[in-house]
Structures are given as structure tokens and as C-alpha cells.
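One-letter residues, chain by chain:
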Amino acid sequence: MLNYIKGEGYRITHSRGMYVAAGIASGLLVLMNLVLYISNQNITNFPYGLMSFSLNNLIANLQILFISGFVVAALLFGDERKNGTLKNVVAYGIPRIHIFIGKCVVSIATALCCMAVILVFYVGSAYLLLGGPAAEPLGKMAGGIGAAMPSAFAAVILGVALLTLFEKDVVAAIVWFAVMNVIPVICYYAGFKVEILRKIAGWMPWNIFRFEVSANMSGYHCLWDTPSGLAKCIIAGAAGILIFGAAGILVSRKKEIG
Amino acid sequence: MTAYAAEARKVTKRYGSFTALDKVDITVKRGAVYGLVGDNGAGKTTFLKLLSGHIYADEGELTLFGCHSRKDMEEQRRRTGAVIEAPGFYPQISVEKNLEYYRILKGVPGKRAVDEVLELVGLADRKKKRCRDLSLGMKQRLGLAIALIGEPELLILDEPINGLDPSGIIEIRNLLQRLSREKNITIILSSHILTELEQLATVYGFLTDGKLAEQITAEEIKEKCSDYIEINVSEPERYTAVLEKKFHTESYKVLPDKTIHIVNPMMDIGAYSRLASENRMDISRLERRQVTLEEYYMDLKNGGRKYA
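Line by line, the protein sequences are chains A and B. Be aware that the first sequence starts at 1, since it is given in the UniProt record's numbering, and climbs by one per residue. Be aware that the second sequence starts at 1, since it is given in the UniProt record's numbering, and climbs by one per residue.
It cannot be assumed that every hint is accurate.
Pairs of lysine to aspartate or glutamate, EDC-like flavour, derived with a Cα cap of 20 Å [unchecked claim]: (1) A:254 x A:80; (2) B:23 x B:59; (3) B:139 x A:80; (4) B:211 x B:22; (5) A:255 x B:59; (6) A:255 x B:85.
No lab work stands behind these hints, which were simulated from the structure alone.
One chain only, chain B, in its complex shape:
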């Protein structure tokens, strides 16, 4: 059994003269939550469409659960569920009938499967409603339910929280976390909302202009972007001198606006505050911060020097 749910080796996809994906290498381990990050047109949806079989690669090799021939990939897709762009359903029939249609189509035994996914995505009380009457958020949940029919081992989700209200976002996030944790489902998802992705993904693939800029685990990002204390004091030069003398640390940076970043702080935040007051310096700002995914992504887009 292969350790990877999905792999892309030197995959290229062109639309006419436009190269949507350019020799992309992506590996998604089983059980991972893989977050695809990138601007509009970076190639995220193209990659997800390739995995789902909607489009074909011009070059390179795609693999699903270790299989890469077209016929085998189609076979392996029975183990996947996908929501690409807008969720697909028949608007004139009810939620329940849509799911029953997909259950039969996928060959999933037992009508209970429909009730189970309805329960899972929080649509059980709306199962008799016609799909065209659903709100955007409910449609998004229905799309997820359609993808989840038949207990897939790999979920491919393109912007799954688009259109959801704040409580919907939390519910879907919790659901995805639960699916990953309890059922060990591999999830590949793209999102523009990096703060959300940050709470879900265990691995990131950063795409810029169709190229994979970096593939990195959440832990590696954490290691690379260690947390820091940001402090604004009245006399930064004197403060850093005291800092070196008292705390024997030289891992700090003084930014042009005189803000001091103390990287990998050894003491708790109060110690740095006391250090200023004991030496009669005024503090206008003091906070402990960690580099966010947004900051990391923006840095990567700008050449990736800061957290390299």
C-alpha cells in the first residue's frame, strides 16, 4: 500500500498559450490535510480538476493511491469525493433525492448512507427542501454531503467555506477536522482564507503563477517562523543594550520604525516589560506574536527571504 493518496510529478497543464500548471510536483500523504495556497489563477483549481478527472494533464504524471493509468485512476476515484468550484446538484429536486441519486450512482449500499451524510453536514432538517431554495451556505454543505457519500478516503475540496456564515465556517472546519482525525480521511483543499486553512492544514503547497513555490509541513513552517515578542520602547538602543546584558540574548531585530522583535524569547512576556520599567523606559506596545500563514505566504511571494 502506497503512503501517498495523491502525487503529481512534473505535471503541466496548458489552456492554449496559457500555462496553468508548470511542471508541478506535489505529494499528498495519506491522512494529511493538504492546503493549496495561491492567488487567483495560480493553478489551485486546475490541480484539483486534474485530480478529479475533469481535465487531462498535457505533461507529467498524476497518481491516485499509487495508480496512474487512466483506467486505474478512474477506478481509484471511487475512493474520492470532490467539490470543485460550485457544488453540483439538480436544483429542482430535494436535497434527499439529490443524495439518493448520487448514492445509487456511486453504488453505495443502504439508504442509511444518505441520512448519515445529511446528519454529518447538518442538513438533516432540510432534506425535503428543494435544492434551488437553499441558501449559498446550505448549497455548500450539500456539495460536501455529495462528496462524502460512500465514505471516501480522499476529499478534494475547492474553497469549501465559500459563502458560509461564521458559524457555518466553524461547523465545516470542525467537520473536516473530525473527518481527518477520526476517519483518517486525506483532505486536499484550497482556500483564500488563510486563517482558516491555518487551522486545518498539516501540509501546504504554495502555488504562484502555475509553479509550486514550496511544499512544506505546518510543523516546518512553525520551526522556520518561530514566535517573537514585539516591543516599542522609548529608547530602543538602550533597551537592546540592557537586553543583551541582562538576558544574554542577541536574537533580536530593530526595525526601521524602532520596533524591536525579540526572536525565540526565553522569558515570559512580563520579564521584558519589567526590564523596561526597571530601566525607566516607557513601553507603548508589547505583544507576543507568531508568524501567520498570511505573513509567510506574502514573504514567499516576495522572494521568501525573511523566513528562509
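So that you can see chain A by itself, here it is in the shape it has in the complex:
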């Protein structure tokens, strides 16, 4: 498995794809901060030219990390059937389980590297261009990213499993979105009527980071600020890793390469 991970590491670092993706994401975030900066310079009493406003976009929408994780996995492994590279890996005798775990490790590592680069540009440009206090939003953001990390890993693992299961990326993306977003949101609203669904929905990562977090100009209410809230974030993510990991192993063992 180590050879597989090393091989993928070589390929990713020697391909342009991830550099371009990270560059585009960083560029867009810098552009956002630049727009806020220009607006702040040109509009009197512009209330959003603050670092907290910029960073709150991420703090209040940490589910973006889940989507980004899937996008990274799809960019890395979405074309392997079309390119016929997966069949070489299997023909080399690398066990399918090792391939699946290797893909998860590589996707997570790549996503973390991309995230680090993007955050440097995002936070850096916000710090340089925008005013207001930095410590509080930075602290909330760091805590939020930490709390969302297990769920983001689970999202990547689910993505890899679905990309293994389905021949077409778009099908994998639709199913991924259904599992990560549509079903939790349905359960959340159905939970107002059905008690058991309310309890289940409360443990779904998408709902945790969408409905139990608020970050705006008037203040923060973050689940991870309390030990029990942080534990809930981590437990929900860990459960996701286990469930999606087991499903992925099962799928990769059974799946034939057409």
C-alpha cells in the first residue's frame, strides 16, 4: 500500500491538476477579499470590510470542506476508469482494499495540502486587506476546521467509495450529494414531526455544521466551543469514517473492472 501511496504522490505532484485547482480556489478567495477591500475604500459606512465578515463565510459554512474533499477525490481518481489506469494497478497485484485505503489517504493528504495553501491566501489576504479584530474569527475558524475535520474525512471516504462503485463521476457526485446533504436535510425537517428522525438528523454532519453553528456580525454560536459539542462533532465524523470506510472496503472488494 505504501508503494501505491508513493506512486500516487509522485503522480499528483508531477501533474498540473491540483496546482490549478488550488490556484483557482485561492484566487477566488483573494478576489472576494479584494472586492470587500475596494468596497470598503469606496463606500462610506460599508459594514463588511472586516476580517470577521470574510472568515465568517467559512465558519458558517464548514460543509464546504466536505464538498471540497469530494472534489479533490474526483479530480484525483475520477478519470482512472476512462484512462484505464485502475486496471494496471489491479493487474500489478495491488489488493483492492489497499487501493481503496490508499486512495482515501492520498485524497485526504492532498485535500489537506490544498486547504493549507488556500487558507494561507484566504486568511493572508483578509488580514492584509481588511480591518477589524482578527483573533476571535481566526480562533473560531481554527476550532471549526478542527471540529469539521473528521466529518470532512468521512466525506472524502464516501466520495472514494462512490467513485469506485459508479462508472460515471456525475452519478457518484449525485449520490454523494444525496447522502451528505439531501437525506440529512430531509431527516432534519421530518424530525419536526418524527422524534426518531430528529435524533438521527442531529448526528448527521451536514446538519451539525449547518444548523448548529451561527457566525455573523452580531456574534458567534459554535457547537465546538463546548466540550460536549466538540465531542459530538468528532463522534459524528468518526462514525462517518467507520461506516463509509466499511462500505468502501466492501464495494472495492466486490467491484469488477469492466
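Guided by the hints, dock chain B onto chain A, whose structure is given.
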């Protein structure tokens, strides 16, 4: 150490209600060049995919280097290289980087391995080129290079000369012959171009509709399908009478179009020509022929009576 590189015992593979392989028994000895012959849909690629681990058999047992459990087979696949259907590579990176990726992935020590296979398949001067810019023939060579990384003991090749130009075909044929001869690599390959297969294979497996019609060595085919002289003369009845009298042979056939086939000719071709002219018969055609793989295959498909 087992004498066989690969074996299939009563292997069956179904896709839904379609049986792609039906209780197939195939044995591939080490060092052999095994040619899989069959029409489209006969099960050639299915068999090669089973060997490469892309798909699983529904019934029967597959063995690689004497090992048949799933885990052991995966272990043994490290000793193989395969190109099934189209060659697999990353089109956006260079030839060299693709091979380096596979070298690391396969755990082959030393970067020289990449240069060696590039040299071997004739891609050394194109190593910096992006794979998507390669011609079809070059892509085929790259696929072969990927399969050859790490000096495999068994090569599994599905239509390896597809898309190659005539000189490419000759180069790949020579390469495969060299690999078999010098490195004693076992090769299992399928091809539609039987004339090419004929120049490479030492054993054939004929598949028809998912069943193994026959497994036979090239030598056995040669013995079964001995060469003959084909002759068209003005008076075939008189010629055969003279033939029996002068050359004491009765191993001939007169075909409905009056063509005479003299099987296992004892004399050189000139003697048969002289026999006609001495007896004042005109010859419109005279040639020495051997049954080709194509003829043998077509006969086998039609029931295999001719060369049985």
C-alpha cells in the same frame, strides 16, 4: 516450482444471462507463447481479464504460478504485466512520468528501469512527450512498456499489435520473440491477426462461443496439417494415374474443381512439374503450400473434420 505459469480449470464467467466463458480448461506452460484465437465475443478478453484480476470467475479455479487463493493470486500478479484492451496511462503527463509512476507503484528499485523499458519498446526518443499527443501505435508501445516494468515473468497481452503500422508490428513481434527467447518470459496473447500470431505462438487455445474448442501446440498443428502441393493440370485423372505409377503415391486428393492436392510430397516441386510435361499435360498452377493457422481455425469452427 510448478511447470505452469497459468492454469484455468473449468472456469466459467457469466455477465447476467450471457455466459462469456463456459467451463474452460487452459494450461500455459512456463516459457510458452500462448496464442488465444477466437472471434469477437468468444471469451478471449474475458479470460485475460480473469487472469489479470479485473473480474472474478463465477465457477472453476484459476491458478497463477501454482497459487489459486485470492490473496496468493494478488501476490503472484506482481510477477506479471498486462495490457488488456486499450493501454492505460495518464494522458496529461509525459511518457517518462507515467512510467516512473508505475515503477514506484510496483516497487521496482532504480530509476534505470524506466529508461530500460523505454529503450526496449522504442520510445526513448519520445519520453518527454505528453501521452495524449502520442499516436495510436506509440500508445500501444507505452502500454507494453508499462506491462514490462519490473521484468515480469508472465506477460498478458490483449491484441498487442492493434493500431500499429507495419514496421511497428514487426518491431513488437521481434520484441516479443526476444523476450520469450532471451528472458524466457511466458506470454499469453490474443490477436485477430492470425498470420502474426502464427509467427509468435508456440501453443494455441481456440475459443468459440466461450468454450475452449481445442488447445494445441504449434508443432501438433504442423504435424496435423502437413504441407501439400497444389497442382492444376489439363487432365487430372491421367495425371493421378501417372503419379501413382511413377511416384508410388496414393496420398493425394482431387478437389471438385479438379485441383489436385498431393499431401506430404516426397519429391521436390520440380519433379511434379516434369511429370506433367513428360506426359504432355499442361500445368496452369503448381505451388507448394502449408495449411495456415487461418485455414486450421476456419476448419475448426466448421467442425474440424479436415485436419482432425
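**Item:** Broken hints, by number
**Value:** Result: no hint breaks.
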